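S.K.: Based on these hints, arrange chains Y, X and G with the ligands on the given structure of chain C.
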Amino acid sequence: MKRVRAEILSTRNLGAYQSLTLVAPEIAERARPGQFVAAAMPDDREFVLRRHLTIHQSSRRGGWAGTLEFVVDPSAGPGTNWLSERRAHEFLDIVGPLGKPFSYPKRLTNCLLIGEGRSVAGLYFLAQELVARGKRVDMVIGGASLEAVFKPIEAKRLSQLVTVMTADGSLGERGAVVDALPGAVERSSAEVVYAAGRPALLRAVAALCRTRKLPAQVAVEERMGCGYGLCGTCAVPVANKDGSDWDHARACVDGPVFNPARVLWDRWPAAAASAPAPRTDPGVLEPGVGGS
Amino acid sequence: MKRVRAEILSTRNLGAYQSLTLVAPEIAERARPGQFVAAAMPDDREFVLRRHLTIHQSSRRGGWAGTLEFVVDPSAGPGTNWLSERRAHEFLDIVGPLGKPFSYPKRLTNCLLIGEGRSVAGLYFLAQELVARGKRVDMVIGGASLEAVFKPIEAKRLSQLVTVMTADGSLGERGAVVDALPGAVERSSAEVVYAAGRPALLRAVAALCRTRKLPAQVAVEERMGCGYGLCGTCAVPVANKDGSDWDHARACVDGPVFNPARVLWDRWPAAAASAPAPRTDPGVLEPGVGGS
Amino acid sequence: MSQQKRSLAVDLGGLVLPTPVMIASGCAGTGRELSGLVDLRRVGGVVSRTITVRPRRGSPPPRIAESPSGIVWSTGLQNPGIDAFIGAEMPALAKAGSPLVVSIGGGTLEDYVRLTGALQGRAEVVGIEIHLSGPDEEFERPVLGVHVDRVTEIVGAVARMSLVPVFAKLPGGVDIVPLAIAAARAGATGLTLTGSPPALHVDATTAQVTLAEAGSWLAGPALKPLMLRAVHEVHRALPRMPLIASGGIRSATDAIEALLVGATAVQVGSATMIDPTAPVSIAQGVMKELKARALTSPMHLRGAAAHAVQRGAEEATT
Amino acid sequence: MSQQKRSLAVDLGGLVLPTPVMIASGCAGTGRELSGLVDLRRVGGVVSRTITVRPRRGSPPPRIAESPSGIVWSTGLQNPGIDAFIGAEMPALAKAGSPLVVSIGGGTLEDYVRLTGALQGRAEVVGIEIHLSGPDEEFERPVLGVHVDRVTEIVGAVARMSLVPVFAKLPGGVDIVPLAIAAARAGATGLTLTGSPPALHVDATTAQVTLAEAGSWLAGPALKPLMLRAVHEVHRALPRMPLIASGGIRSATDAIEALLVGATAVQVGSATMIDPTAPVSIAQGVMKELKARALTSPMHLRGAAAHAVQRGAEEATT
Ligand SMILES: Cc1cc2nc3c(=O)[nH]c(=O)nc-3n(C[C@H](O)[C@H](O)[C@H](O)COP(=O)(O)OP(=O)(O)OC[C@H]3O[C@@H](n4cnc5c(N)ncnc54)[C@H](O)[C@@H]3O)c2cc1C
Ligand SMILES: Cc1cc2nc3c(=O)[nH]c(=O)nc-3n(C[C@H](O)[C@H](O)[C@H](O)COP(=O)(O)OP(=O)(O)OC[C@H]3O[C@@H](n4cnc5c(N)ncnc54)[C@H](O)[C@@H]3O)c2cc1C
Ligand SMILES: Cc1cc2nc3c(=O)[nH]c(=O)nc-3n(C[C@H](O)[C@H](O)[C@H](O)COP(=O)(O)O)c2cc1C
Ligand SMILES: Cc1cc2nc3c(=O)[nH]c(=O)nc-3n(C[C@H](O)[C@H](O)[C@H](O)COP(=O)(O)O)c2cc1C
Ligand code: FES
Ligand code: FES
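Chains as they are written, first to last, in my numbering: chain C, 314 to 605; chain Y, 314 to 605; chain X, 6 to 323; chain G, 6 to 323.
What the hints contain is simulated information worked out from the structure, not anything from laboratory work. Quick caveat, the model's predicted, so the values are computed rather than measured. Beta carbons are placed, not taken as given, at the ideal position from N, Cα and C, and that holds for glycine. No false leads were slipped in.
Subject to a maximum C-alpha distance of 27 Å in a straight line, what follows is the list of computed DSS-like cross-link-like pairs (lysine-lysine): (1) Y:K526 <-> Y:K448; (2) Y:K413 <-> X:K100; (3) C:K315 <-> G:K100; (4) C:K526 <-> C:K448; (5) C:K413 <-> G:K100; (6) Y:K526 <-> Y:K419; (7) Y:K413 <-> Y:K464; (8) Y:K419 <-> Y:K554; (9) C:K469 <-> C:K448; (10) Y:K554 <-> Y:K526; (11) X:K100 <-> Y:K315; (12) Y:K448 <-> Y:K413.
Listing some non-contacts, in silico: residues in chain Y with all C-beta distances to chain C over 12 Å: (13) Q441; (14) P495; (15) G496.
Next comes chain C alone, as it looks inside the complex (with noise of 0.2 Å):
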């Protein structure tokens, strides 16, 4: 892990999402698949912590060798706007690689990759890797709409079936990546899986990879107070080896890449809840004592 004072060389939008693209070779050299970094948020802003960003493409060789590319959602929030508007020869105060990488297989060939939104970006790289390595790679990716599905074009480069959902149906099948599961791991004859998104979503392919016995790891993005395992506040609920008890791993060092079948989905709360519901819903609030 390496803190670098890092030269952004490019930027890209691409469509609902922003890529920077960092000169960054300390951190480039060692970055794999599964990890992130933590960027440095300007002086003089109400918001404080660094912000948290999966690694897009880390570039050994070639002409890129030394760069380090990831992607933002400038609609999140503060943090990830602020990046979204930064332009190439400007700085950021960057740490990384940070948490433990997705591991490839050793004997099994057929892996599939899910993912959802700019989720989707770390398991590019992680598919480039098993790519490289003569596994098979098959995707079921989406987004609320054309616009938010990353990439699909790199998809298809990267992977044998690619299945693209939307809720608008604006790109492939009409519907949430959840919906598709059960399908693309029928067609792909998956022997591991791969995932990458919101709790909810890994908690499906959990249950589908316990149902159907195959072995899986996921990528959390709990939220991270320092990401190099200062502070305690990324707590995922995992149970030990032999299952005889549990504790709050933290997400940046012993993850963001954890086994499912060993994460207790029940204790996670943005896991155990469904999304949340929609604003319009006056169900979601109950009258307060003043209320008529």
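M.R.: Coordinates of chains Y, X and G with the ligands only, in the frame set by chain C:
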């Protein structure tokens, strides 16, 4: 007083200072010398109050009609620094014109204008209006060094006699503005004195004018929470008309222009105190109980 | 529900305000200033600066400095005293068009009694807010309202005398629930939560405490999470008590957060200083939110916050 | 004076630290993490996370959210319990190269007694910090350390048993001077001022209290003016008591401000999370300041803040 979203027409570097010209006809039409505007800071910053800026120029007629100019010292702090980085075609949220302006002498003719650093900016607006009314203007201006003397050429253009003082002697005479006051009053046969700057300078002007029985007006820059009379934080100790009692006036609505003869300088700590002691002087600090 | 008319009006224990967004004490000028800056008929209510029995010149300048997302202020409660206030400032404030709550402050029980008496029967005054953060001159304690005994005594006296609703503004930066319970028992109509907590601004370069130290207080966005906790805890302890949230509110979202944890109305202080139209735009934002949620009153939001996670820490393992 | 060697070392009632800049409890990891990020030999001291008798799994996620210039956190004091801590985490923390202070927390007097006992004679531990912000299981009060009786009892017991200096970390968001006096009388070597005050984070969109409500606390720059006031007041009340400032310190200027109002050392929490080298760069900044002021020790800055304006508000006019 109006609140407007004003476009920046142009910006200019002037020695140690930065000037911004805005398109703000609603404010420019009413603005008079001595008045100021209050500029909102951007969202998401940890400094939240508006910044107060003396009007340097305001044009009702001609090619610049409807524009307003102010000058900032980028080194003062985060707010003025942010303002100094603004560029043409950006917008500022501005309230103005604020405060009571300088009044012009009816009968008397010889005006002496005294200021330091960027505080001189407001005096040039005054000088211009005085000259337009057929008055004679002399000036004493100064700063730490050549760079910090605001527009000395403009001072020459607007006035008959100009005394320039710099702490390092890099322009005009070596010394502080306050040192030049007695001589300047003599030479200019001043009948009315105007001043702007730090309380310590204004206090010296007040003392001189009391001795010489000269009418005077001083523009103060006491720290402000709002700028339009809501919060009562911009206190200046002022005697009532017959001198029988005193109270804290609000610099933003009762000032910023005051009759120095009515200001209770001894009750104004910043005016009473000498300049902050040099940082290398260990005498400032009494060893605490833990000291050796 | 859709038949019912949607309205921003809120009922604070009998005091009905046109919107739940008021201007906080000390941030509303003396009556004339706001009129040019905001349409006061669209402001829920205005709280006067804190008025004392005798005139106070307040603290010497400077009186304001900044801290991260905060304002440190020390006016020393400058005010013309109750008589001059009633003679000039109060009529001007009332005429401006927004319901007027008068903030009263003192150092002795007698002060509060005299102030309440002086305001009795003044039609312009719709409510009294009791400032309790000043020094206690009788008990010689630095802050009067930090002690249950004094809160009980003073709030009780004012509540018994007053013909209009009485709101106790409890000090910030203290263990608040016991004080809230004391004020409620003593007869307060509602509570303003909270006053500015005690703060200090230091200038490292000159090695000086910048503002009057015994009277420096924190205001501004920095306070929001502290205010939310105070409102939440007091609402849980006193679910029927009307609460007015004060501290760090500058947007409709902030106001809604306060309502969700139990406030009936909110006060906007430093945000009004920065943007005098804030109390109106915040109310508009609340209205938009009511529409989006198909609710007809801000009071339907009150205390509706669900709890994402179970209360408190997990049981320890054994 | 110029003959004397300039040194950053400070003496906290017998505990000498190489620099006045420590890492605050809960922000220093478990021993191994910091080594790769900062040279711990240049850090004044490290306070462990708060350790309890039994292991605690802490609060469910999420545990962190942001507020204006602040962090709202709720780890629920997750820790492996004192035995596992002494077995693995403590040796790793001590080996990292910075003086180790262990933070202990509990809900009963017995908890604190057992924790102090377990640490007795451990050469790696240079001091004990007493966390007092948890719920009181014996008296069934939400926060143990808000009450003078309990501060006296618990600090007294730990101080009597401990062979190393004992620092009471007093809760934030409370009237602090009475508690500070109680802790001093009970035998604390020094005080850490203050713990994170109770806070709440609410998500208006989902109408949810985001973090575990009973255990959410505020940290970060927003706290600085509150911390400065607490240090200042306690230093005035107890001028000889060594004070460690905690809350909102992220720069050398912040640290110097704390020293000027009476701190002997400072702790850096959230700023370490954001920039692990902060404790070193802050110490370097303090050294630069000592040079600029021709002082030889940070302790010469202690309590040296002059007062720009007279104390408190002006007398009222009559
Ligand atoms: C390991 C990891 C990898 C990540 N990778 C990426 C990435 O590649 N690109 C990207 O845009 N974002 C990524 N995130 C999420 C990103 O760090 C957060 O969205 C970011 O902190 C939001 O910052 P903000 O200031 O834009 O919005 P905020 O205002 O801080 O947050 C906006 C909303 O997002 C939610 N949120 C806050 N933090 C997180 C979080 N850590 N994870 C999920 N939701 C959160 C909050 O509920 C809030 O309502 C990652 C997070 C983690 C932990
Ligand atoms: C009526 C009026 C007119 C002004 N006109 C101008 C102007 O034309 N150009 C300009 O650059 N500045 C002007 N100022 C001062 C300017 O508003 C402050 O310097 C500004 O608030 C500093 O903001 P900052 O964020 O840059 O620095 P801050 O960090 O806020 O302040 C920097 C330092 O300046 C001091 N300071 C803060 N506020 C004031 C103040 N109001 N007056 C004097 N010192 C202060 C503080 O002690 C602090 O140490 C004026 C102030 C007033 C009240
Ligand atoms: C300049 C200023 C003056 C204030 N004067 C008073 C006052 O006279 N009486 C009072 O009870 N509160 C006073 N307050 C506190 C506010 O009423 C409010 O409680 C506090 O500012 C927190 O709210 P905010 O974050 O919206 O500003 C004052 C605040 C400021 C900033
Ligand atoms: C994530 C996190 C965990 C913390 N854990 C503890 C803890 O276990 N014990 C404790 O006494 N304080 C704990 N604190 C409080 C800090 O020690 C410190 O007092 C507080 O963060 C304020 O300082 P800061 O503004 O420098 O962060 C924690 C703070 C944070 C942000
Ligand atoms: S984010 Fe701080 S320990 Fe994981
Ligand atoms: S600055 Fe607010 S009243 Fe003058």
